[in-house]
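Protein sequences, first through last, are from chains L and D.
At position 67 of the first sequence (counting the first as 1) the number is 66 in numbering that gives the first Met the number 0, and the numbers step up by one without a gap.
At position 99 of the second sequence (counting the first as 1) the number is 98 in numbering that gives the first Met the number 0, and the numbers step up by one without a gap.
Since the hints were made in silico from the structure, they are not lab data.
Check the hints yourself; a few may be wrong.
Copies of one chain are not kept apart here, so a pair can be met inside one copy or by any two copies together.
[To be verified] Computed list of lysine-lysine pairs in BS3-like fashion (alpha-carbon distance at most 27 Å, straight line):
no.	residue 1	residue 2
1	K14	K72
2	K127	K10
3	K139	K72
4	K75	K10
5	K139	K10
6	K75	K139
7	K14	K95
8	K95	K75
9	K75	K14
10	K95	K10
11	K72	K127
Since this is a predicted model, take the numbers as computed values, not measurements.
As a plain string of letters, each chain reads:
Number of protein chains: 2
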Amino acid sequence: MVHAEASTFVKGLVKREVYAQVLEQARALFEGQRNWVTSNLSNTASLLYHALHSLPSPSNATNWCGFYVVDPKNSKQLILGPFQGHVACQTIAFGKGVCGAAAATKATQLVMDVEAFPGHIACDSNSKSEIVVPIIQGDKVVAIIDIDCAELSGFDSQDQAGLENLARVLAEACDF
Amino acid sequence: MVHAEASTFVKGLVKREVYAQVLEQARALFEGQRNWVTSNLSNTASLLYHALHSLPSPSNATNWCGFYVVDPKNSKQLILGPFQGHVACQTIAFGKGVCGAAAATKATQLVMDVEAFPGHIACDSNSKSEIVVPIIQGDKVVAIIDIDCAELSGFDSQDQAGLENLARVLAEACDF
Chain L
0 MVHAEASTFV
10 KGLVKREVYA
20 QVLEQARALF
30 EGQRNWVTSN
40 LSNTASLLYH
50 ALHSLPSPSN
60 ATNWCGFYVV
70 DPKNSKQLIL
80 GPFQGHVACQ
90 TIAFGKGVCG
100 AAAATKATQL
110 VMDVEAFPGH
120 IACDSNSKSE
130 IVVPIIQGDK
140 VVAIIDIDCA
150 ELSGFDSQDQ
160 AGLENLARVL
170 AEACDF
Chain D
0 MVHAEASTFV
10 KGLVKREVYA
20 QVLEQARALF
30 EGQRNWVTSN
40 LSNTASLLYH
50 ALHSLPSPSN
60 ATNWCGFYVV
70 DPKNSKQLIL
80 GPFQGHVACQ
90 TIAFGKGVCG
100 AAAATKATQL
110 VMDVEAFPGH
120 IACDSNSKSE
130 IVVPIIQGDK
140 VVAIIDIDCA
150 ELSGFDSQDQ
160 AGLENLARVL
170 AEACDF
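This is chain L alone, in the form it adopts within the complex (with noise of 0.2 Å):
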């Protein structure tokens, strides 16, 4: 059974065996779940939201975690799918903000200062840089890992290769 303590991190781990626990974790949580997207995207978001808050700083100011998905009624949209943190939008065009940028390129934006970043949607001011990481099934953008820092340059190349492993196996693990 699925138990809280999957989404408990020990203290003192580095960035490189957190996310491994978090491929971990969400390997076995995926397991016979492939049907219902919601269900692995709501404990996903849980698992990173506390994984990086397991971290030092500026991981653990991370204060937005979720993801969006590609509107089931709208190719070119996105609306907004399980999260931790504080209420956002629900619906972004491709090509807008961080995350439209993310899914209408099909790559990892990696923005140390979202202020600077043409475009950015202010859904909360208290985000002060963000990574996206596009999930990909055949060539297709499905949905997309968000996830804001209340620090500038919150997240790093360790983070995208985190990410980019998740976003790989929450495409084979999922039905979009």
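The hints should help you fit chain D onto chain L, whose structure is shown.
Chain D only, in chain L's frame:
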């Protein structure tokens, strides 16, 4: 545009005022979003979690707040929806534990001590009390609101009234 401050609650409000703000914000968030239930449930879980944390003890000891929806592939099973908190069980059979009891009986379950509840599912040993409110469309349960507290007797009749109002708004506003 939806803004994170929709889930910021001024300290010092009483429970009745906080639930009124939740309802008002929920109605605003749902405007034009009835087709994709996850978007509305994700934001509502965030609204409720932050609402309860703006209140004094025991409300601010809320440690899990979210939704289970009826599994589209099994009408006698709940499946995890959006939430705030640590990872949680992905499926719950109707009749099993506090959530399953609410789904099976179509009645709110206000549980002062989860350890005393027959068949309680101990997803998180930190949870001491719980309230579960069914969301009913027509005569069918379509989802439940589930909130756990790390203190005994975390919820009262005011929570029940506020959450039952919210359940009615969700049933009206969303196509499950």
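Each hint tested on the structure:
1. Neither within a single protomer nor between protomers do K14 and K72 lie at most 27 Å apart by alpha-carbon distance, with minima of 37 Å and 38 Å respectively.
2. Taking the shortest alpha-carbon separations for K127 and K10, both the intra-copy value of 24 Å and the inter-copy value of 25 Å come in at or below 27 Å.
3. Taking the shortest alpha-carbon separations for K139 and K72, both the intra-copy value of 15 Å and the inter-copy value of 26 Å come in at or below 27 Å.
4. For a Cα distance limit of 27 Å, the shortest separation of K75 from K10 qualifies neither inside one copy, at 40 Å, nor across copies, at 40 Å.
5. In this homomeric assembly, K139 and K10 never come within 27 Å of each other (Cα to Cα): the closest approach is 37 Å inside a single copy and 45 Å across copies.
6. When the C-alpha separation of K75 and K139 is checked against a cutoff of 27 Å, the pair qualifies only within one copy, where the shortest distance is 11 Å, while the shortest distance between copies is 34 Å.
7. Taking the closest pair of Cα atoms, K14 and K95 never come within 27 Å of each other, the shortest separation being 30 Å inside a single copy and 38 Å across copies.
8. Proximity of K95 and K75 under a CA criterion of 27 Å is satisfied intra-copy only: 11 Å inside one chain copy versus 41 Å between copies.
9. In this assembly of identical chains, the alpha carbons of K75 and K14 never lie at most 27 Å apart, being 34 Å within a copy and 41 Å across copies at closest.
10. In this assembly of identical chains, K95 and K10 lie within 27 Å of each other by CA distance neither inside one copy nor across copies; the values are 36 Å within and 34 Å between.
11. Taking the shortest Cα distances, K72 and K127 never come within 27 Å of each other, neither inside one copy (31 Å) nor across copies (41 Å).
Of the hints listed earlier, those the structure fails to meet are numbers 1, 4, 5, 7, 9, 10 and 11, in rising order.
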